[in-house]
Amino acid sequence: MSATAAVPPVETPFRRFVSEFCASPLAVGGLVVFVIIALVAILAPWIAPQNPYDLAVLDIMDGRLEPGSVGGSGITHWLGTDDQGRDMLSGIMYGLRISLVVGVGSAFIACLVGASLGLLAAYAGGRTDSVIMRLVDLQLSFPTILAALMILAFLGKGIFNVVIALVIVEWAYYARTVRGSALVERRREYIEAAMCLALPTRRILFNHLLPNCLPPLIVVGTMQIARAIALEATLSFLGLGVPITEPSLGLLIANGYEYMLSGKYWISFYPGIALLVTIVAINLMGDQMRDVLNPRLKK
Amino acid sequence: MALYLLRRLTQSGFVLVAMSLLVFLGVYAIGDPIEILISPDADQIEKERAIRALGLDLPLWQQYLVFVGKALQGDLGRSFVFNEPAIQLILQRMPATLELAFGSMLLSILIGLPLGLYAGLRPNGALSKGIMAGSILGFSLPTFWVGLMLIMVFAVQLGWLPSTGRGDTALLFGIPWSFLTRDGLSHILLPAINLSLFKISLVIRLTRAGVRETMLMDYVKFARAKGLSPFRVTFVHVFKNIMIPVVTVVGLELGGTIAFSVVTESVFAWPGMGKLIIDSINVLDRPVIVAYLMMIVLMFIIINLAVDILYTVLDPRVRLEAKA
Amino acid sequence: MSTLEVKGLSTHFFTRAGVVKAVEDVSFSVGRGKVMGLVGESGSGKTVTGFSIIGLVDAPGRIVSGEILFKGRNLVGMGEKELRELRGNRIAMIFQDPMMTLNPVLRVDTQMIETVQAHQKVDRETARQRARDTLGMVGIPSPDERLKSYPHQFSGGMRQRVAIAIALLHQPDLIIADEPTTALDVTIQGQILAEVQKLAANTGTSLIWITHDLSVVAGLADDIAVMYAGRIVEQGSVDQVLDVPFHPYTHGLIGSVPSRNKRGVPLRQIPGTTPSLMSLPPGCAFKSRCERADAACETMPALAELAPGRFARCVHPHIETLPA
Numbered sequence: 001m002s003a004t005a006a007v008p009p010v011e012t013p014f015r016r017f018v019s020e021f022c023a024s025p026l027a028v029g030g031l032v033v034f035v036i037i038a039l040v041a042i043l044a045p046w047i048a049p050q051n052p053y054d055l056a057v058l059d060i061m062d063g064r065l066e067p068g069s070v071g072g073s074g075i076t077h078w079l080g081t082d083d084q085g086r087d088m089l090s091g092i093m094y095g096l097r098i099s100l101v102v103g104v105g106s107a108f109i110a111c112l113v114g115a116s117l118g119l120l121a122a123y124a125g126g127r128t129d130s131v132i133m134r135l136v137d138l139q140l141s142f143p144t145i146l147a148a149l150m151i152l153a154f155l156g157k158g159i160f161n162v163v164i165a166l167v168i169v170e171w172a173y174y175a176r177t178v179r180g181s182a183l184v185e186r187r188r189e190y191i192e193a194a195m196c197l198a199l200p201t202r203r204i205l206f207n208h209l210l211p212n213c214l215p216p217l218i219v220v221g222t223m224q225i226a227r228a229i230a231l232e233a234t235l236s237f238l239g240l241g242v243p244i245t246e247p248s249l250g251l252l253i254a255n256g257y258e259y260m261l262s263g264k265y266w267i268s269f270y271p272g273i274a275l276l277v278t279i280v281a282i283n284l285m286g287d288q289m290r291d292v293l294n295p296r297l298k299k
Numbered sequence: 001m002a003l004y005l006l007r008r009l010t011q012s013g014f015v016l017v018a019m020s021l022l023v024f025l026g027v028y029a030i031g032d033p034i035e036i037l038i039s040p041d042a043d044q045i046e047k048e049r050a051i052r053a054l055g056l057d058l059p060l061w062q063q064y065l066v067f068v069g070k071a072l073q074g075d076l077g078r079s080f081v082f083n084e085p086a087i088q089l090i091l092q093r094m095p096a097t098l099e100l101a102f103g104s105m106l107l108s109i110l111i112g113l114p115l116g117l118y119a120g121l122r123p124n125g126a127l128s129k130g131i132m133a134g135s136i137l138g139f140s141l142p143t144f145w146v147g148l149m150l151i152m153v154f155a156v157q158l159g160w161l162p163s164t165g166r167g168d169t170a171l172l173f174g175i176p177w178s179f180l181t182r183d184g185l186s187h188i189l190l191p192a193i194n195l196s197l198f199k200i201s202l203v204i205r206l207t208r209a210g211v212r213e214t215m216l217m218d219y220v221k222f223a224r225a226k227g228l229s230p231f232r233v234t235f236v237h238v239f240k241n242i243m244i245p246v247v248t249v250v251g252l253e254l255g256g257t258i259a260f261s262v263v264t265e266s267v268f269a270w271p272g273m274g275k276l277i278i279d280s281i282n283v284l285d286r287p288v289i290v291a292y293l294m295m296i297v298l299m300f301i302i303i304n305l306a307v308d309i310l311y312t313v314l315d316p317r318v319r320l321e322a323k324a
Numbered sequence: 001m002s003t004l005e006v007k008g009l010s011t012h013f014f015t016r017a018g019v020v021k022a023v024e025d026v027s028f029s030v031g032r033g034k035v036m037g038l039v040g041e042s043g044s045g046k047t048v049t050g051f052s053i054i055g056l057v058d059a060p061g062r063i064v065s066g067e068i069l070f071k072g073r074n075l076v077g078m079g080e081k082e083l084r085e086l087r088g089n090r091i092a093m094i095f096q097d098p099m100m101t102l103n104p105v106l107r108v109d110t111q112m113i114e115t116v117q118a119h120q121k122v123d124r125e126t127a128r129q130r131a132r133d134t135l136g137m138v139g140i141p142s143p144d145e146r147l148k149s150y151p152h153q154f155s156g157g158m159r160q161r162v163a164i165a166i167a168l169l170h171q172p173d174l175i176i177a178d179e180p181t182t183a184l185d186v187t188i189q190g191q192i193l194a195e196v197q198k199l200a201a202n203t204g205t206s207l208i209w210i211t212h213d214l215s216v217v218a219g220l221a222d223d224i225a226v227m228y229a230g231r232i233v234e235q236g237s238v239d240q241v242l243d244v245p246f247h248p249y250t251h252g253l254i255g256s257v258p259s260r261n262k263r264g265v266p267l268r269q270i271p272g273t274t275p276s277l278m279s280l281p282p283g284c285a286f287k288s289r290c291e292r293a294d295a296a297c298e299t300m301p302a303l304a305e306l307a308p309g310r311f312a313r314c315v316h317p318h319i320e321t322l323p324a
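Residue numbers (this note's numbering), protein chains in the order written: chain U, 1 to 299; chain Y, 1 to 324; chain R, 1 to 324.
If you're looking for bench data, these hints aren't it; they were derived computationally from the structure. Beta carbons are placed, not taken as given, at the ideal position from N, Cα and C, and that holds for glycine. Careful, some of the hints might be misleading.
[As the list claims (entries may be wrong)] With a straight-line Cα cutoff of 30 Å, these simulated DSS-like cross-link-like pairs (lysine-lysine) come out:
{"#": "1", "chain 1": "Y", "residue 1": "47", "chain 2": "U", "residue 2": "157"}
{"#": "2", "chain 1": "R", "residue 1": "121", "chain 2": "Y", "residue 2": "221"}
{"#": "3", "chain 1": "R", "residue 1": "7", "chain 2": "R", "residue 2": "34"}
{"#": "4", "chain 1": "R", "residue 1": "121", "chain 2": "Y", "residue 2": "240"}
{"#": "5", "chain 1": "Y", "residue 1": "129", "chain 2": "R", "residue 2": "81"}
{"#": "6", "chain 1": "Y", "residue 1": "221", "chain 2": "R", "residue 2": "148"}
{"#": "7", "chain 1": "R", "residue 1": "21", "chain 2": "R", "residue 2": "7"}
{"#": "8", "chain 1": "R", "residue 1": "34", "chain 2": "R", "residue 2": "81"}
{"#": "9", "chain 1": "R", "residue 1": "148", "chain 2": "R", "residue 2": "121"}
{"#": "10", "chain 1": "R", "residue 1": "71", "chain 2": "Y", "residue 2": "221"}
{"#": "11", "chain 1": "R", "residue 1": "148", "chain 2": "R", "residue 2": "71"}
{"#": "12", "chain 1": "Y", "residue 1": "240", "chain 2": "R", "residue 2": "148"}
{"#": "13", "chain 1": "Y", "residue 1": "129", "chain 2": "Y", "residue 2": "240"}
{"#": "14", "chain 1": "R", "residue 1": "71", "chain 2": "R", "residue 2": "21"}
{"#": "15", "chain 1": "R", "residue 1": "81", "chain 2": "R", "residue 2": "121"}
{"#": "16", "chain 1": "Y", "residue 1": "221", "chain 2": "R", "residue 2": "7"}
{"#": "17", "chain 1": "R", "residue 1": "21", "chain 2": "Y", "residue 2": "221"}
{"#": "18", "chain 1": "Y", "residue 1": "221", "chain 2": "Y", "residue 2": "129"}
{"#": "19", "chain 1": "R", "residue 1": "287", "chain 2": "Y", "residue 2": "221"}
{"#": "20", "chain 1": "Y", "residue 1": "240", "chain 2": "R", "residue 2": "81"}
{"#": "21", "chain 1": "R", "residue 1": "198", "chain 2": "R", "residue 2": "7"}
{"#": "22", "chain 1": "R", "residue 1": "81", "chain 2": "Y", "residue 2": "221"}
{"#": "23", "chain 1": "R", "residue 1": "198", "chain 2": "Y", "residue 2": "221"}
[Claimed, not checked] Not the full set, but computed from the structure, chain Y residues with beta-carbon under 7 Å of chain U:
{"#": "24", "residue": "136"}
{"#": "25", "residue": "140"}
{"#": "26", "residue": "142"}
{"#": "27", "residue": "144"}
{"#": "28", "residue": "145"}
{"#": "29", "residue": "148"}
{"#": "30", "residue": "152"}
{"#": "31", "residue": "259"}
{"#": "32", "residue": "260"}
{"#": "33", "residue": "263"}
{"#": "34", "residue": "266"}
{"#": "35", "residue": "278"}
{"#": "36", "residue": "281"}
Isolated chain U (complex conformation) (with noise of 0.2 Å):
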């Protein structure tokens, strides 16, 4: 007589997800460091000791004071200030809202765009799907920094053309990725019952094949977010990207580029920690995601 056993608490996929995420330490890191990265960035205006965008403030003679240093309006510059006499940590803050603003916005619009034309493509087959995907072969096969660079070419500066000009690059990977998954659960059981139901397009789409293809969709997404922030960063820093009245993190490091070779290393070395560490924890969060929701390794 088998002893009864204790009924296991109900497991459902998120919290299955949730507690394989955090099997991984690192993961947890990059979580936890990208929650405080954008903290910091969405609280900026409150914690940063100076508004760098305010000249009022800003005394020339301030500048480039090495880490540590105080400043001539009392103020303790841990980061030292760049040429213009910007405190770097103030800098740096803002810059990360404009560098998450800008990367995850872009992904995010990018997602949409990107979903909805690659579930079109697998929904509607034939025609659409060749049209669609003929698109994507031709946006993926051009290299990202170039398309980016003449986008902005054309465009010219500005956060708003940045934007544009990401996504243009960014939505042929979720395009892609939703359209393989969505290829594959089309062809599920309740996909087919959905439409003996004759529910409209629009709610099977979206209702049902969707949520089905948002795992390697989050995967993507997270990543993309990643690049999104340093292709941005990348552009900046070559001249095409946000304009100086709002620096981004790579203009910043732009900014200091020049005053590197006399050993004023802070001014492009703090802003690239900051996009570093940033990116890493996507990073890190993203892997987890894939090996977790990968259906391969599963056992």
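Assemble the complex: chain U is given as a structure, and chains Y and R must be docked to it using the hints.
Relative to chain U, chains Y and R alone:
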């Protein structure tokens, strides 16, 4: 095999035409064509003369044909800044970029392959986990920032290597190459490392995944059942199988690397095509932009074709299908 | 002295989900030139037994107890280097799926020559000759040409013949064949069985033939061991066991062979499915599917000798059919 080649060539031809249309539309139709082709400092009379000379008063499709006609003859316009044929400017700088791209490709294989092999064979060891964590860093770190750090550490602080520019060159086939001189090598090292970082991570991850997958295959177990030494099992049976996808990806990435060298060349002031294009974009030297785009597309097509052919050489299964 | 004596072999897999007792307390012996048929369904432990003998049980599995005496030497606990000297040389193994057994990117001659050279210091030409002769022995026409081919250029039956040839290269004392004909057509199956039988008889090689197909065993083997859920449930000479099976499982297996059933009467089946090897209920593993099960089956029966040379692990064997 010949039929396969022919098919691929026609495909490539179509892509080239498609891209030329895109570029043409981008430059000639969107935006003010006058602005694009004529220096903004010209006055009204010069503008009108230029418009007629450049055929801008013709309908669009005729302009396209003129464009194609000139392109086939190798004339892709004259640079505003240098007043030389754009194509010449690009060809002059191509060796520098190619050096960098091939150098980084070489580094990525020499460093990435052994590391990835090790990580695949001993996936649970501490060193393997370190390698994998390092690879995440490798593709996360923005290339331009790594370049800056490399300059800071090796050039400024340690003073071991020069920070910018290309070193002395020596002629080979009438083209100046810098890797043939010692000074040239010292100049190329940092930029090549910088450019290769992303690909090293890619190769590590690819190789490791390939090794892990291949080790589970029956033919590996059978090789062990035959009593072969572990060395032979790894370096002949496993290695030959993973080489194929790795080589393919690295080859395909070559095009992307050439394109991405714009960043490294900017950081290290390396006088290649990439730096030219950035400078051209900043001063709106559009004929050069057009010429560069077309060259890149052409290079991509050639590289893709070469990789396809290489693939059939490496994988015997594909080789015979291609013959059929 | 028998070529192989297995005593109390137990091989367990230590997975995160639990311990899988794939092979538990298995004992049998195979004499010189004899053929032992190891029969069971998927998951019965027959393949793992084969791998245990040749020492290719990979993590997370390992042999936990027992002895494997090969010509008097215990293979359990033997060093890897010594085991490698035996593998492919004195003990050879043939796998089930010929498509995945041979490395697709290496030529057949490479894969055969390396086997020869792994165990004998001969030059390439001698090794190639040996390979050629062995291919001829297993009935492959124009062996010289075939040697230069790649595995995917062969049909399934040919590939399996190549695998058999590889096993025969060093005239081993023992060949373990793991379902080698399962993936092949019935006609090819028959051919290969005949070839193997002939070869075994001529060279005095002992053979362990692992299969789920009773008809194969009937024509080929001298002795038979039936496995269920990791244990041997019946053992004896093949004629006796197949004529008069003692264990209800063997009884059910033979009864369910279609040719043994009468026309018009529903096919006899064994109800239920094999239990999971991770959570085996206490007592006889077959009791949930056996019509003869009762309280006495709650304790694991021992493998008892119910008649001379006939063993069965059951307290309610079909022994009544044996003449007194």
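Status of the hints after comparison with the structure:
no.	hint	in the structure
1	Y:47 to U:157	holds (27 Å)
2	R:121 to Y:221	holds (23 Å)
3	R:7 to R:34	holds (18 Å)
4	R:121 to Y:240	holds (25 Å)
5	Y:129 to R:81	holds (29 Å)
6	Y:221 to R:148	holds (23 Å)
7	R:21 to R:7	holds (16 Å)
8	R:34 to R:81	holds (28 Å)
9	R:148 to R:121	holds (22 Å)
10	R:71 to Y:221	holds (24 Å)
11	R:148 to R:71	violated (37 Å)
12	Y:240 to R:148	holds (17 Å)
13	Y:129 to Y:240	holds (24 Å)
14	R:71 to R:21	holds (27 Å)
15	R:81 to R:121	holds (17 Å)
16	Y:221 to R:7	holds (25 Å)
17	R:21 to Y:221	holds (22 Å)
18	Y:221 to Y:129	holds (25 Å)
19	R:287 to Y:221	violated (36 Å)
20	Y:240 to R:81	holds (25 Å)
21	R:198 to R:7	holds (29 Å)
22	R:81 to Y:221	holds (16 Å)
23	R:198 to Y:221	holds (27 Å)
24	136	holds (5 Å)
25	140	holds (4 Å)
26	142	holds (5 Å)
27	144	holds (5 Å)
28	145	holds (4 Å)
29	148	holds (6 Å)
30	152	holds (6 Å)
31	259	holds (3 Å)
32	260	holds (5 Å)
33	263	holds (6 Å)
34	266	holds (6 Å)
35	278	holds (6 Å)
36	281	holds (5 Å)
Hint compliance for this structure: hints 11, 19 are not met, and every other hint is.
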